[in-house]
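K.L.:
Every letter in the sequence shown is one number past the one before it in the working numbering, and letter 35, counting from 1, is 93.
Since the hints were derived computationally from the structure, they do not count as laboratory data. Predicted model, so just to flag it, every value in this text is computed and none were measured. Every residue, glycine too, gets a C-beta built ideally from N, C-alpha and C. Mixed in with the good hints, there may be bad ones.
Between beta-carbon pairs, the in silico distance windows are [what the hints assert, rightly or not]:
#1 S130 with Q75: 33 to 43 Å
#2 S92 with E133: 27 to 37 Å
#3 L129 with K72: 13 to 23 Å
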Amino acid sequence: MCLAIPGKIIELDKKKQNATVDYGSGTRRKANVSLVQVKIGDYILVHAGFAIQVLDKKEAQETLALFKEMLSLAEEEQ
Numbered sequence: 059m060c061l062a063i064p065g066k067i068i069e070l071d072k073k074k075q076n077a078t079v080d081y082g083s084g085t086r087r088k089a090n091v092s093l094v095q096v097k098i099g100d101y102i103l104v105h106a107g108f109a110i111q112v113l114d115k116k117e118a119q120e121t122l123a124l125f126k127e128m129l130s131l132a133e134e135e136q
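Starting from the given sequences, assemble the full structure and let the hints guide the process.
P.N.:
Spelled out as structure tokens, the structure:
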């Protein structure tokens with residue numbers, strides 16, 4: 059199964075090929091954004107290190123809330 063994770067662009071390199079993406083809870087990673095047109099503040103869907111889609115803010119936040127809920131439930135089971 060493949061999984062794409064939503065995150066918010068907080069920094070772009072000068073060529074706009076790579077971005078620093080905030081996935082929440084202090085998790086930040088680099089992602090290649092050459093496949094989509096983005097700007098700082100955009101929410102994107104990242105799969106295997108590549109941004110594959112730009113999301114609207116509401117959709118991204120709803121998806122992130124679902125991920126947090128799933129993690130919380132998993133932690134409760136342990």
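K.L.:
Compare the structure with each hint and give your call.
P.N.:
Hint-by-hint comparison with the structure:
1. The given range of 33 to 43 Å is respected by S130 and Q75, whose C-beta atoms sit roughly 35 Å from each other.
2. For S92 and E133, the Cβ-Cβ distance of about 36 Å falls inside the hinted range of 27 to 37 Å, so the restraint holds.
3. The beta-carbon spacing between L129 and K72, approximately 35 Å, falls outside the hinted interval of 13 to 23 Å.
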